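Colleague: Listed in order, the protein sequences are those of chains A and B. Residue 201 in numbering that gives the first Met the number 0 sits at position 202 of the first sequence; the count goes up by one each step and never skips. Residue 142 in numbering that gives the first Met the number 0 sits at position 143 of the second sequence; the count goes up by one each step and never skips.
A hint or two may mislead.
[Claimed, not checked] DSSO-like cross-link-like pairs, simulated, lysine-lysine; straight-line CA separation at most 30 Å:
(1) A/Lys99 x B/Lys304
(2) B/Lys335 x B/Lys324
(3) A/Lys70 x B/Lys324
(4) B/Lys324 x B/Lys47
(5) A/Lys70 x A/Lys99
(6) B/Lys233 x A/Lys140
(7) A/Lys97 x B/Lys336
(8) B/Lys304 x B/Lys403
(9) B/Lys53 x A/Lys140
(10) B/Lys336 x A/Lys99
(11) A/Lys61 x A/Lys94
(12) A/Lys97 x A/Lys61
(13) B/Lys233 x B/Lys403
(14) B/Lys335 x B/Lys304
(15) B/Lys47 x A/Lys140
(16) B/Lys336 x B/Lys403
(17) A/Lys66 x A/Lys99
(18) A/Lys70 x A/Lys97
(19) A/Lys70 x A/Lys94
(20) B/Lys336 x B/Lys304
(21) A/Lys373 x A/Lys97
(22) A/Lys97 x B/Lys304
(23) B/Lys403 x B/Lys335
(24) B/Lys233 x B/Lys47
[Said to hold, decoys possible] With the C-beta cut set under 8 Å, the calculated list includes, among others, these residues of chain B facing chain A:
(25) Asn99
(26) Thr134
(27) Ala135
(28) Val144
(29) Leu155
Honestly, the hints are just simulated from the structure, not real lab data. The structure displayed is predicted, hence computed values, not measured ones. Where a beta carbon is used, it is the ideal one built from N, C-alpha and C, also for glycine.
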Amino acid sequence: MSASPRRAVITGIGIISPIGLDAASYWRSLLEGRSGIRPIQAFDASGLPVRIAGEIPHFNAKDYLEKEQRKSLRVMARTIQLAVAGAQRALDDGKVDKSKLDPTRFGVEFGAGLIATELNDLIEAACVSANCQPGRVDLEKWGEQGIPLIQPLWMLKYLPNMLACHISILHDARGPNNSITESDVASLLALGEAYRILLRDQADFFLVGGAESKINPLSMVRQCLFECLSRRNDEPTRACRPFDRGRDGLVLGEGAGVFVVEDLEHARRRGAHIYAEIVGFGAAFDPGMRGDGLARAIRAALTEAGIEPHEVDHINALGLSTPESDAWEARGLHEIFGDCSPPVPVFAAKSYIGNLGAGGSTTELAASVLAMSKGLVPPTLNYEQADPDCPVVVLSQQPRPMTRPYVVKVSFTQMGQCAAMVVRQWN
Amino acid sequence: MRRRVVITGMGAITPLGHNVRETIEAQLQGQNGVGPIESFDASRFPTKFAAQVKDFDLARFIPNCQRWAHSGINSQFAAAAAQEALQHAGLLHDDRVDRNRFGVYLGSGEGIQDFHNLLSWIYQAYRRETRQLDTAVFERGALSVFHPERESEQELHTTPAHLAAHFDLRGPNYNCLTACAASSQAVGEATELIRHGDADLMLVGGAHSMIHPFGVTGFNLLTALSTRNDAPEKASRPFDLHRDGFVLGEGAAMLVLEELEHAKRRGADILAEVTGYGSTADAFRVTDSHPDGRGAIACMEAALKDSRLNLSDIGYINAHGTSTKVNDSVETLAIKKVFGDLAYRIPVSSTKSMMGHLIAAAGAMELITCVEVLRRGVMPPTINYETPDPECDLDYIPRTAREKRVQHALSNSFGFGGQNIALIVSRFAG
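Extracted from the complex, chain A is given alone in its bound form (with noise of 0.2 Å):
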């Protein structure tokens, strides 16, 4: 393994999140126990079997942009507008002065998804060439009539590299610049990718975050079609459950978690505001959902950051509320922590904003980096009764004090792609 003299070190924080627009407001809603999850009002779900979401009521990208900047939102689909909001909101908060940062020393890592296309834009085209029979395109109508009907640029708004270029345009990062899009993970393996582009001394200067909504009928669909989605329509805030033997499935939620990541050095020339140090990283691939793979992702990221399991405070949990993954996740941290005395607890940010897909590890990193400013964990929502397959202390009901300085991030998807963070309280 080599060794680096640099460290990297989180000095902003950008949250747009179901429960508030920037991290003082996610934080306070934290603290009250606030859950973000509600009706769908975007669009008539009606005819969907859930119709509930973590969905940000009031959000307007305008309100994040430059006037001149504002005519680049016409080619942006609004996962694209939750990330640059979010990058914005991570520079406000970490003092940024982007007239003094390096631009070739300035990077962009986000974790993105799939992006779905916004049906009125296809309207026109649709209905010069699928008129004639069901289930089909008159596909001469639709090459000759239909293209022309659609927007030029209609292909840029859903690219899911977009996420990152247009936020390197904006503030003229020319640094490495990369999106990684596998699905719940995606976040935070960019934001261990650009640990390690700044400890190589690559870079000196990030933002990495991760965002993601699909909160519209053509990604509601395709989530309802796979079928892990919790049916509470009756009672949305209480239907994302982690760890909780009643819960049913996921609940799906919007918004964007932006770090304004740097070097140590960096940080304290330009007199930054430090939250924590990442000081560990790991990957791994669990095959049939074990938790055997979860486990050595985590056992990497402790090893890097030299430190035992039971220096740490809490796991910040992925936490998906669906029955089969909330049981894996337990036993790949039962694997790892099961022996330590006392147990070290999970926090599940999921319980509050629902799963914010590859703009979740970071939202959810987001709330533990507070914690760990401002000394104190928020509890987990709806866990009431206890799992047996879930062999984990759930930190829920009221705030609890931190107690040791390191925090564990945990994620991973429902194929298997794992990967965990440590991250050090800053003194």
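Fit chain B to the given chain A structure using the hints.
Modeller: Same frame as chain A, but now just chain B:
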């Protein structure tokens, strides 16, 4: 001293062949993989041709391939190319290597949307009276016709997950999608994972097909594709004065990256060494690359610095060379800026002239081409290069392959939106 990374296996499914050997031999003969689009009726599209993979059947490569039954063609290409690369490396069933230290990093594209059912239900849910879409009608309709597994297989993490599960690769697992730079970036970042010690082995590469109605529509709307419908085989003409856009290709390219000592210990055949990687962003516009090539210049310089080589060490450049007006002149400008007068003495070719643009998979395929240049001492040509463009005045190896003993080769990949990647591979010198 940092850990060194070598290439010990390669696999490819391309418009020129179903494996690396066929593809490279076709390249060296200057063969053309472009023809009329056959997978759907494109007869009234602005562009009616592409470079397609011919007669592909995954079962011929992987007998037990049920895992991919509902996958998109991208994921199936990936599986076949991965099988070849792992077999080539002698790692399909090698119990001596620690599979926990063997990861996957792909720059792989999305699956293909259910074009007909999606459009059909948009049409049926549209209410002319209100000029609004009745989303509840769309939802019920789409729920009744969309195929759950096929929808799920479009997701971007499914391709690397299938490879990891099928070939038992339990190390770090990533997919990045930085448009046309994706699989090059995957090679670069996977190299860094091995250097850092996160893994000893990485299966890397990409797979993509955008030869479907939405894909061609999207690129036609951007006016990025050639529309030379009267002579498709002449359409991809990088650096030629009369180039008018790129030609869509499809396929997959996979490589096995391995830590040098690990490769030596197991007696692996070392094909080449990955010596340089550079990654930058243009930070200019989502639609155009920077007119001075500033990101392209910076990424080549970063890769050279990483490799600790001199400019004069580079013996061949596999260009991004898309055959669009802007790319080819800006890339030429950038190469001249980086290499100065030496630029005129370094042969540069674009294999996109023969196989089209494999989008996310392009970079990994072009890196395989570079490795074969090192191994065979023959450089593939740029076909269809007929009329010089004053703005493109380098040696593009026109029309026929050329022999040259090359020690180090550079491969460029520039993504739509401004991500730039340069990779350098070197003959393994012990």
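Colleague: State for each hint whether it applies.
Modeller: Do the hints match the structure? See the list:
Between A/Lys99 and B/Lys304 the CA atoms are separated by roughly 25 Å; this keeps the pair inside 30 Å, and the hint holds. About 17 Å separates the Cα atoms of B/Lys335 and B/Lys324, which keeps this hinted pair within 30 Å; it holds. Under the criterion of a C-alpha separation no larger than 30 Å, the hint pairing A/Lys70 with B/Lys324 is consistent with the structure, at around 26 Å. The hinted pair formed by B/Lys324 and B/Lys47 meets the criterion: a straight-line CA distance of about 20 Å does not exceed 30 Å.
At most 30 Å may separate the alpha-carbon atoms for a hinted pair to count; A/Lys70 and A/Lys99 meet this at roughly 26 Å. The suggested pairing of B/Lys233 with A/Lys140 holds, with an alpha-carbon distance near 27 Å, which does not exceed 30 Å. As the CA atoms of A/Lys97 and B/Lys336 are separated by approximately 28 Å, the hinted pair is consistent with the 30 Å bound. Between B/Lys304 and B/Lys403, the direct Cα distance comes to roughly 24 Å. Compliance with the 30 Å bound is thereby established for this hinted pair.
At most 30 Å may separate the alpha-carbon atoms for a hinted pair to count; B/Lys53 and A/Lys140 meet this at roughly 27 Å. Distance hint between B/Lys336 and A/Lys99 is fulfilled; the C-alpha atoms sit about 27 Å from each other, no more than 30 Å. For the proposed pair A/Lys61 and A/Lys94, the alpha carbon gap of about 20 Å is at most 30 Å, so the pair holds. Straight-line distance between C-alpha atoms of A/Lys97 and A/Lys61 comes to about 20 Å, which keeps the hinted pair within the 30 Å bound.
The straight-line distance between the Cα atoms of B/Lys233 and B/Lys403 is roughly 27 Å, inside the 30 Å bound, and the hint therefore holds. Distance check on the hinted pair: B/Lys335 and B/Lys304 sit about 17 Å apart at the alpha-carbon level, within 30 Å; holds. A hinted pair counts as satisfied when its Cα atoms are at most 30 Å apart, and B/Lys47 with A/Lys140 qualifies at roughly 14 Å. With a C-alpha separation of about 24 Å, the suggested pairing of B/Lys336 with B/Lys403 holds against the 30 Å cut-off.
For the hint linking A/Lys66 to A/Lys99, the alpha-carbon distance of about 22 Å falls within 30 Å, and the restraint holds. Between A/Lys70 and A/Lys97 the CA atoms are separated by roughly 22 Å; this keeps the pair inside 30 Å, and the hint holds. The suggested pairing of A/Lys70 with A/Lys94 holds, with an alpha-carbon distance near 26 Å, which does not exceed 30 Å. Taking the CA atoms of B/Lys336 and B/Lys304, the gap is near 15 Å; set against the 30 Å cutoff, the hint holds.
Distance restraint check for A/Lys373 and A/Lys97: the Cα-Cα separation of roughly 27 Å lies within the 30 Å cut-off, and the hinted pair is therefore satisfied. With a CA separation close to 27 Å, the supplied pair A/Lys97 and B/Lys304 stays within the 30 Å bound. Simply put, B/Lys403 and B/Lys335 have alpha-carbon atoms about 21 Å apart, close enough for the 30 Å limit, and the pair holds. Between B/Lys233 and B/Lys47, the direct Cα distance comes to roughly 13 Å. Compliance with the 30 Å bound is thereby established for this hinted pair.
Interface restraint check: B/Asn99 against chain A, minimum CB-CB distance 6 Å, threshold 8 Å, status holds. Proximity of B/Thr134 to chain A holds as hinted, the smallest CB-CB distance being about 5 Å (cut-off 8 Å). The criterion of a C-beta within 8 Å of any C-beta in chain A is met by B/Ala135, whose closest approach is roughly 4 Å, and the hint holds. At its closest, the beta carbon of B/Val144 sits 7 Å from a beta carbon of chain A; the interface hint therefore holds under the 8 Å criterion.
A least Cβ separation of about 4 Å between B/Leu155 and chain A falls short of the 8 Å threshold, and the interface hint therefore holds.
Checked against the numbered hints given earlier, the structure satisfies every one of them.
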